[in-house]
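With the hints as extra help, turn the sequences into a complete structure.
Keeping their order, the protein sequence lines are chains A and B. Sequential numbering from 1 applies to the first sequence in the working numbering. Sequential numbering from 1001 applies to the second sequence in the working numbering.
Any given hint could be a false lead.
[Unchecked claim] Computed footprint of chain B on chain A; a stretch qualifies when at least three of its residues, placed anywhere within it, have a C-beta under 8 Å from a C-beta of chain B: (1) 39-46; (2) 101-107.
[To be verified] Partial list, derived from the structure: chain B residues whose beta carbon lies under 7 Å from chain A: (3) 1008; (4) 1012; (5) 1026; (6) 1043; (7) 1108; (8) 1109; (9) 1110.
Everything labelled a hint here was simulated from the structure, so no lab data went into it. Please read all numbers here as calculations on a predicted model, not as lab measurements. C-beta atoms are modelled at their ideal positions from N, C-alpha and C, and glycine is treated no differently.
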Amino acid sequence: KNQVEQSPQSLIILEGKNCTLQCNYTVSPFSNLRWYKQDTGRGPVSLTIMTFSENTKSNGRYTATLDADTKQSSLHITASQLSDSASYICVVRGAGGGNKLTFGTGTQLKVEL
Amino acid sequence: GAVVSQHPSWVICKSGTSVKIECRSLDFQATTMFWYRQFPKQSLMLMATSNEGSKATYEQGVEKDKFLINHASLTLSTLTVTSAHPEDSSFYICSAREWGQGATEAFFGQGTRLTVV
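Given below as C-alpha cells:
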C-alpha cells in the first residue's frame, strides 16, 4: 500500500530559527515528490517538485532534499518567519496506475516571537 | 504559476439542500480536475477525478449520486453536494492538471468550506 509519512506531526519554533521536516514514502513506482504549504482554510500551494534524479531543490528559504534510494525527503526552512506558520504537506505521485497522488498528513508548523 | 479558482470560498446551507462548488482554471486549459475533501487536522482525500467531456471517476466509498461532478469545459468543473447533511461539512478542494503537461504539476484551488446546519 502506498503511504507517505511525515514527522514531526507538529513543531513550534522561534522566529529566525531553522527547522527541518521529514517525509518517508513507500510509493512505487515513483514519479515525483512535492512539498506544499497549506495555510489554515486555504488550498495547498506548491513549494518544490522533485523527480527521481534530483537530490536538492531550493525555493527561497525553502530547500527540499530527496533520497530516492531510501525513499526519504526533507524540507528545510531557513530563518523562519511568522508567515511560515502553516501545514506542510509532502505529496508523492506514483508512475502509472492513473498517476495518483499520495498525501502525507502534514507537519503543522508554528513560528512564534 | 497557473491559477485555479474555487467559488464560493465558504458556504453555509441547511440540511437537505444542495450546494454547488465551482472550480476554474483561470489561465490554462485543464483536461483533468480532481476533487478532494479534507477534515480538520487530516490530509486531503481524493473523492473523484474529473475529465473534460466524460464521466467522473469516483474513489471507493464516495457516493457518485450524492457528489455530482460535471466537467463541461476545459476550464470549469463543478461539484454538487446533493441533499447535504451535517456530516458532509468539510473543506473541499479542487486541483487541475494543465493540458499536455502529463503527470507533472497540479495546481490547487483555495478550497471551499462547507458547513451544513
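| request: Could you check if residue 1026/B really has its C-beta closer than 7 Å to a C-beta on chain A? | output: Result: violated, 14 Å to nearest chain A Cβ.
| Taking 7 Å as the limit, does the beta-carbon of residue 1043/B come near enough to a beta-carbon in chain A? | holds, 4 Å
| query | Once the shortest beta carbon distance from residue 1110/B to chain A is found, is it less than 7 Å? | reply | holds, 5 Å
| task | Count the residues of the segment 39-46 of chain A whose CB lies closer than 8 Å to any CB of chain B, then report whether that count reaches three. | result | holds (count 6)
| field | Interface hint compliance - residue 1108/B to chain A, C-beta minimum distance less than 7 Å | value | holds, 4 Å
| said: Does the closest beta carbon of chain A sit nearer than 7 Å to the beta carbon of residue 1008/B? | reply: violated, 13 Å
| message | Does the closest beta carbon of chain A sit nearer than 7 Å to the beta carbon of residue 1109/B? | response | holds, 5 Å
| said: Please verify the coverage claim for the segment 101-107 of chain A: does it have three or more residues whose C-beta sits within 8 Å of some C-beta in chain B? | reply: Holds, because 5 residues of the segment 101-107 of chain A bring their Cβ atoms closer than 8 Å to Cβ atoms of chain B.
| Hint check: is the beta carbon of residue 1012/B less than 7 Å from a beta carbon of chain A? | At 14 Å from the nearest chain A Cβ, residue 1012/B fails the 7 Å test, so the hint is violated.
When each numbered hint is compared with the structure, violations occur for hints 3, 4 and 5.
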